[in-house]
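Asks: Given next are the chains, with one letter for each unit.
Protein chains: 2
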Amino acid sequence: MTYCLGILLHEGLVLASDSRSNAGIDQVAKVNKLEVISQPGERVIVILSAGNLATTQAVVTSLREASSGQGLGLPEDDLRTAHTLFDAATTVGAALRRVVERDGQFVKAFADPSASFIVGGQIKGEAPRLFEIYSAGNFIEASARSSFIQIGETKYGKPILDRALGPDTDLAEAAKLALLSFDATIRSNLSVGPPIDMVRYRADSFEATVTTFEEQDPYFRLMRQAYAEGLSALVNSLPAPP
Amino acid sequence: MTYCLGILLHEGLVLASDSRSNAGIDQVAKVNKLEVISQPGERVIVILSAGNLATTQAVVTSLREASSGQGLGLPEDDLRTAHTLFDAATTVGAALRRVVERDGQFVKAFADPSASFIVGGQIKGEAPRLFEIYSAGNFIEASARSSFIQIGETKYGKPILDRALGPDTDLAEAAKLALLSFDATIRSNLSVGPPIDMVRYRADSFEATVTTFEEQDPYFRLMRQAYAEGLSALVNSLPAPP
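Protein chains in written order, with our numbering: chain R, 1 to 242; chain D, 1 to 242.
Treat the hints with care, as some may be off.
If several chains are the same, the list does not tell them apart, and a pair holds so long as it fits within one copy or across any two.
[To be verified] SDA-like, lysine to any residue: derived pairs with alpha carbons at most 25 Å apart:
{"#": "1", "residue 1": "Lys108", "residue 2": "Glu141"}
{"#": "2", "residue 1": "Lys124", "residue 2": "Phe86"}
{"#": "3", "residue 1": "Lys30", "residue 2": "Pro241"}
{"#": "4", "residue 1": "Lys124", "residue 2": "His10"}
{"#": "5", "residue 1": "Lys30", "residue 2": "Pro242"}
{"#": "6", "residue 1": "Lys124", "residue 2": "Ala109"}
{"#": "7", "residue 1": "Lys124", "residue 2": "Gln225"}
In short, the hints are calculated from the structure, not lab data. Computed from a predicted model, the values in this text were never measured in an experiment.
Only chain R is shown next, with the shape it has when bound in the complex (with noise of 0.2 Å):
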């Protein structure tokens, strides 16, 4: 399983993802599901996968191979020609279908082959815009009337986004959100885990630096502490039932 957590803000974006992948419960790694590609001063995408882990490392090497400027890969996958970011998630979406069209009907007989994306960024001349692509390669939208996309296991880290995020939040709040929202969810999923990965996009700076929140990072352990005993404070103070 896999937990990818994109938020758009008026301040910019904050995109997260686990970094866990199991082919059943015996067989658990450790990979990345958030890719950078970036032209300094120009434009920033981001691109967070879950699913079938040979489908989305092939659309991402696809995409990351042909934007790097070394005259590799397809010239339809070169994410540096998309004007906006609309263009950019209809790349996506196209290498997705390009792939499973290749690979599905091998992949079928074993596993799923399907797979999802969030893709979130900016391009010079516009603001930062945030979608979410389906398996069909099709994809939607977000706005500030719907502020998050979440794909894999997106239910137990809804309540505390649904709670308390909105399109005002500044970016450290939500990064913070983001944080507790992973926390739910590995708390009661295994098959989503830590080393946290996460971009915090500032609107307009065309920068992007990946930040890794491991298991026993300091702030990740305090914060995770710290919030499971105000939780814990905050129900015992609630009256009980009549």
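Given chain R's structure and the hints, the job is docking chain D onto it.
Replies: Below, chain D without anything else, positioned relative to chain R:
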């Protein structure tokens, strides 16, 4: 959709259900999903229902009528003859299999005929017990190591239970956690809705009273609001990620 929750504690049991039934999003009704079958001083059996409403009503009505002492229904559905709650769970599973065998072939063209149940209670001579009856009619039992059972829309309301609930939790505290678990589920899934029916069963009392929390119930409103505000203050009090 439905959300039902059963909690097994050293002090007794908490059993609760929502009341929303929907066939598509344009046909929504309030129904009862919590049934109490009891003999004062002798046995209390609470049945919570999820799944196809015609199936669950057929099962529960058959059991209720056969257990009413009015000579109705089938002798094998009479829960007053169950020697243990394990027997009662077997009876519920058998009734479910019979109804699905009879109706399933006709229903399948229109809807999923399957259903599942939580059966909790106490029969004199043993401690309170709690079972989950699967759609196949087989079942599992809760224990101190795995002290709650959910059916229906299980995920949104699980994190708060995973964090705060244990077999030593007292009845009042568990009832409060159950309501918070319902609150999280109701906020995230429109097809789960109040009123919430709840039984707080104290071990060896052999008495069960159903409490109903309407959406506008003063306690439920106060608790939801206090929790929302407390959670927001808690999140604000946590340090932002470095």
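Asks: Name the hints, by number, that the structure is in violation of.
Replies: When the structure is compared with the hints, numbers 1, 6 and 7 turn out to be violated.
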